[in-house]
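**Q** Let the sequences and hints guide you as you build the complete structure.
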Amino acid sequence: MPPAYKLNSMTKQSDSGSRNTATLATTPAPPARLASKHLLGIEGLNPLEINALIDRGDMFADLIQEEQPITPPLSEVLKGRTVLNLFFENSTRTRVSFELAAKNLSGSVLNINVAGSSVKKGETLLDTATTLNAMHPHILVVRHNCSGAAQLLSQHVDAAVINAGDGRHEHPTQALLDALTIKRRVGRIEGLKIAICGDIANSRVARSNIHLLSTLGAEIRLVCPATLLPDAVDAMGVEIHTNLEQGIEGVDIVMMLRLQTERMEGTETPSQREYFNMFGLDRRKLMRAAPNALIMHPGPMNRGVEIDSATADDVEKSLIRTQVEIGVAARMACLEALATKEGAA
Amino acid sequence: MTDLLLHNARLIDPARGIDATGHIAVTDGVITAAGTGEPDKASMKAAAQSVDCGGACLAPGLVDMRVQTSDPGAEHLEDLATLLHAAAAGGITSIVALPDAKPVIDDASMIDSLSLRATRIDGARLFLYGAATTGLQGKAMAELGMMAEAGAVGFANGTRTIMDSLVMRRLLSYCGMLDKPLVQHCEDHALTAGSEMNESETSTRLGLIGAPAAAEAMIIDRDLHLVRMTGARYHAAHISTRDAVDSIRRAKDEGLAVTADTAPPYFMLNELSVSTYDTAFKLAPPLRSEDDREAIIEGIADGTIDAIASDHIAVDGDAKAQPFGPAQPGASGIDTLLALTLSLVHRERISMLRAMECLSLAPASILDIDGGALIEGAAADLVLFDPSASWVVRAADFASNSRITPFEGLPVQGRVRSSWVGGMPVFTRS
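Line by line, the protein sequences are chains A and B. So the first sequence is numbered by the working numbering: it starts at 110 and just counts up by one. So the second sequence is numbered by the working numbering: it starts at 106 and just counts up by one.
Source of the hints: derived by calculation from the structure; they are not laboratory data. Ideal Cβ placement from N, Cα and C applies to all residues, glycine included. All clues given are correct.
So these bits of chain B aren't anywhere near chain A, every CB distance computed over 10 Å:
id, residue
1, S456
2, E481
3, T533
Quick list of simulated restraints, FRET-style, between CB atoms:
id, chain 1, residue 1, chain 2, residue 2, range
4, A, L235, B, S270, 33 to 39 Å
5, B, A362, A, C255, 34 to 40 Å
6, A, Q355, B, R222, 31 to 37 Å
Which stretches of chain A does chain B cover? Using the computed rule of at least three CB atoms under 8 Å from a CB of chain B, they are:
id, stretch
7, 327-341
8, 376-390
**A** Structure, rendered in structure tokens:
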């Protein structure tokens, strides 16, 4: 599916990997503006909003990577505001990433350990929402194992809600940080051939990335076992492959997904050994991709299942660690956009 | 220089639809010429060995797509060498073995090992189905991809139906991805629990617990919905009922990638044979009604049923020397497959070409293996048989070690004279 409209004029064009100061010296991207009060998914964002978030994230990433102090007024975007991290599923990197992002902007961060909370005592999601709402947080960052949970919460709280992953539905900030990582390394998204490989059926990362990358004009291929291919996914404008080597033929980016065994019922794939044999990325299979192809993975990785260590740790080709670094910047842009939206500033 | 020239034969080539006097030349294990009429004098002279077939039928070797091997696990009943030699004596040049061995063939290394052992035996070729589910338990998908890589020609779950619809759906998706057929034994086990024979007036009279015929078509009908969803290749094994034939016929009319086979007992016998409680007639699926038997023949004749397989199994005599209920189902089949199928030809229900198509070309194409075609460049897997030679089925005379048959004492016509695998003689009747 082609993007609704072209964005060349909106995106920073740079074909070399060494941009940085030159672009920073020109006009820095302004804070992103979103039509919605919440960030619940990529689907529904228009290309202008997506690019605004990416460009603003790019600016934050420059600051972080150059280890420059974040100074006022940037550092005070969230001053006096409460960001509540409400994680119903275990997470290390996403939670810490949001926490850091909020703290960089001077927000006060509260982490709710759901495992030891009233939820364990039988409180419903909506009761939890009502309770938390009474404490007047400004931004609620929510991860939940049910698709649609973030949207449900957003209807019952006054805070702006950021979806940090809901079931198999969306993980918008992951897609934004992935796009930002690609853009900083390659210089563009449009026209790139990107293969998203692995457990598509159970992946919210895949859905958010399909929406985002195809909106920005990338050519998306999905590579996965037929048993992990959700119904009618071709309607999302992607090309489907059930053979990894064929699927990554000539692609610029190989995006691997984690085999989400916790979301499986046990019969989708025969074994991890067979999965690696057929769908695991190793050096030999990677030869089929474009010569300068880059590897991404949202983490955490199952080494020896969807990717082997030599490939994952290849400093030339693997962007996996960069993704984590960029994540903070992308989330700063998101928090800022919602804080600005809130209008209290 | 031709190694072997077979001439003055009634050439039967289902691939080209030829049933006429002709000849075949073989060099280096491969057919180098196959034509009608007699070869010219020069070719005759140039052949190292020349055989006058005396008008006997020369056809592609049989491909038996449903055989249960007792090796590994019960070699005392029938080991691989005996099985492959006996198959050659029955005119079968390729056997496709089910995964129901001990241990179950649900792992690539088992496929490797059995295939390697078969190459050391001068008999029929051995092909293998991988188990669709680990241990044939019907729950967890086995490592189909790795087994396919090791040479599995398809996947089957033995005589246990995949009852779980979700597991079946995923198996079909996965097999579709690997482009291998999924072979289903069609029986709703919940409906047939404890059954001893076909459900009918006969089962009531005999006091045996009946398995309703519908239990077969119910699984096929469910599976066809899943085939529509997945687009996979589906093969219904040893079908035995009219309802099953009707379902398969409709699926084919619809254009689904569906095939089916049956075995000789289902077009030769009906449930009345059980009346003496003779456990040789205890089979899985059970012998059905006369109307079902008639429907199976119609299905073979009109192409609804693609293939005929022996359903051969070596059953322990002790497991048959039981009351009918607890007796183990199954019987020997490779010695009688050709003659029993030819009985349909002698009774003019199907043509000789159709018979040989069911026995060679159809199973070979379902499983994507070589066979069923007398064409230049094909491996010289051949059978020479006298279509009218009469004999009486005596299990004691079987080449197979499996000596239990529901056809004991039956006069039949059609006897194998010689068979060749890759141009090498693997059987010659003395």
